[in-house]
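My request is simple: use the sequences and hints to build the entire structure.
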Amino acid sequence: MKPLQAMPTVVLDPYLLISMSATFPTGLLASCFYARFAVCDHLLPEDFLSEEYKQLMQALHREKVDTLSVPAVEMVDLLPMRNILVLNQIATIAVARFHGYLFASDCCTFRRAASTILQSADVLCGRQVCQRFMPHYLTPPESYIQVSYNTHYA
Amino acid sequence: MPITQEKLAERLKAERTRLELTQEVVAELMGMKRPTIAQIEAGKRSVSSIELSQFAVIYKRDVESLLLENEPEDALGLLYLRNSGDLNDTVCYNLDKCIEVCKAATQLEKLLGTPQKDVSFSYTLERPQTRWEAVEQGMRLAAMERKRLELGTLPVRNIVEIIAQHGVRVGRYTLTDDVSGLFFLGTDTGIAILVNAGHSTTRRLFSYAHEYAHLLMDGQQTPGGVSRYGNRNDLLEVRANAFTAHFLMPDEGVRAFLDGLGGPTRQVIEIYDGFKEQAGHCGEDLLTAQRRTAPGSQEIRMIDVLRVARHFGTSYSATIYHLLNLKIIQKETQEKLLKEQRRAEQANKLLGSPQYLEQETLADLKQMTVNLIVEAWLQEKISRPKAYEYMNLLEMDPQELDKLNIID
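Line order of the protein sequences matches chains B and H. According to the working numbering, the first sequence is numbered sequentially starting from 1. According to the working numbering, the second sequence is numbered sequentially starting from 1.
By construction, these hints were calculated from the structure, which means they are not laboratory data. None of the values given here were measured: they were computed from a predicted structure. Idealized CB from N, CA, C, for every residue including glycine. Incorrect hints may have been included.
[Stated by the list, open to error] With beta-carbon atoms standing in for the labels, derived distance ranges: (1) B:Arg127 / H:Arg148: 26 to 32 Å; (2) H:Tyr123 / B:Ser115: 44 to 50 Å; (3) B:Gly27 / H:Thr176: 16 to 22 Å.
[To be verified] Listed next, the stretches of chain B that the computed footprint assigns to chain H, with coverage defined by at least 3 CB atoms under 8 Å from CB atoms of chain H: (4) 37-45; (5) 64-71.
[Stated by the list, open to error] Far from chain H, by Cβ distances over 10 Å, these chain B residues were calculated: (6) Thr23; (7) Pro25; (8) Asn88; (9) Ala91; (10) His99; (11) Cys108; (12) Ala121.
The following block contains the structure:
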C-alpha cells in the first residue's frame, strides 16, 4: 500500500487567479480535490491597476484561496529580481520557496525568474495547473490564456 | 552574509528614531498593537514582506534599502549635488525624480544588453588658476572639440544630438530660475544633463552646451555640478562659459557670416587677367570693379546681431557679448545694441522659430525611458506589472501600455 501523499499547494500569480476565476465556474478552485490553491498576502492596492485590484479581491472572495505570508528576510537574496519583477511577485516566489509549494503563473517572465530559484518541475503555467489538478473539468479552450488575458487586460 | 531578523529589527528601530516617531504612532499607522512593534524591534517577531512594505512607506525608505546588508550607494552625482548646498524643494524634488528615472533607464538598458557609457570622451585639464587662464582653456577646448566633430566654421545645429551620441541622458526639468542646468554621473544612473525647462529655447540650447562643457572638462574630477547664477565667478563656470561661447559661435564662422552681411561702404575687387606676367605689362594697374554698399550696412545693427544669433542658435545678448569679445564691435555699440533687446525680441518673433530648435525634442528623458520599457517588455525582460511600475515612476498612466496589446 502506498503511503498517502499530502495534497500539493499551488501558489498562484494573482493575475492567474483572476484569469482562472473568470474562466471557471465559481468555487472550482475551492472545491478542487487534487490541490490547494493560495496566493501571497503581499497584495497592496497600489501594486495593481484599480480595476485589477477589484477583480482580484472578487476572485479571492469567490475562490476562497488561502493567503500566505513570508518573512521579509526570506526575500533578501531575491532582491536582484527587482529589476524585472515587482515586489509582490518576488514575495510570491519567496512564499513558494519558503513553504516548499508549487508556483504557477501565465507570465513567462515571472515563470522564468521563478525557475532560477525553484525546481523547474515546481513552476507551472495555467494550462498545466488545469491538466494536472482539474482532470475532470473540461479542458479549457485552446486560446485559454490569450482569451482570458484579452478579456481582462486588453 | 544575508541580513538577519535581528539586524532588520535594529534597522527598523533606527528608522523610527530618526523620524522621531513613537511606537504608538507607528503601531497605529501599521494597524497593529504597540507591543507588536516592540516585539518586532526587539527581533522577537519576524516581519512579513507586506509589513516591511508598510514600514518602508512610513519610514520613507525603499524596501531594498531596509533589507540589503549594506546601505545602497546613492548616485554619486546626487550626493554631490545634495552636499553642494541650498537647493530649494522644487529643485530637490525634480532632481530626485530625475535620478529615479535615470536609475530605471540604466536598469532597463542593462537588461537589454546596452553597453554602459562612461566619461572616456572627456579631456584631462589642470584646474585654472586665474580667470584669464579659464577663458583660454575654454576657448582652446572649444576649438579642439569643433575639430574633433569636424564642424569647421558651421553652426552647431544639433547640440542635443551630439550630447546624446555620447550616451548621455538629456532632459528638461523645471528648476529654480537661478539654475540654468546641471549634470551628474554615477554607475547606477549613467551620465545625465538637465536644463531648466523654464528658460527660453535659445537659453536652453546654450545650457546644454554649457553642461556638455562641464562633462568634457570636469567629468573626470567631479561626479556632478549645478550651474547657477551664484557660482558664475567660479573658474570652472568661467571656463565652461568660454567653451560654450566659442563652441557655438566660432570666431571664423562669425566673421565669415558677418562678411556675408555687408562690409565697408565701398567694395573694390581687382581683376587679375594674366597679362601682368607678360613683359611690358608689369607696371600696369589691374582692372577694378567697385560698388557702394547700402547705407548703414557697414555698421553692426540690431538686425545683424539677430541674424548671427539665429544662424548660430544663440541668444541676442550672448551674441552681443561674443561680438565684443571678438572685437567686432566696440563698447559703445554693445551698449547701444543691448538697449535694443526688446525690439530684437519682436523682430525674432516676426522671423519665426528657426527649424533646428526642434532638435530639443530629443531631450526627453521620459520618452526615452518609455521606449526602453516597451522594448524590455517586448523582449520579455520585464514582467507586465514591472512595466506598469516603471510607468508609474514616470508619472504616466500604465494603462497606456495596454494599447500595445502585448500578451505575456
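Verification of the supplied hints:
no.	hint	result
1	B:Arg127 / H:Arg148: 26 to 32 Å	violated (58 Å)
2	H:Tyr123 / B:Ser115: 44 to 50 Å	holds (48 Å)
3	B:Gly27 / H:Thr176: 16 to 22 Å	violated (60 Å)
4	37-45	holds (count 5)
5	64-71	holds (count 3)
6	Thr23	holds (15 Å)
7	Pro25	holds (24 Å)
8	Asn88	violated (7 Å)
9	Ala91	violated (4 Å)
10	His99	holds (13 Å)
11	Cys108	violated (6 Å)
12	Ala121	holds (22 Å)
Consistency note: the structure conflicts with the earlier hints numbered 1, 3, 8, 9, 11.
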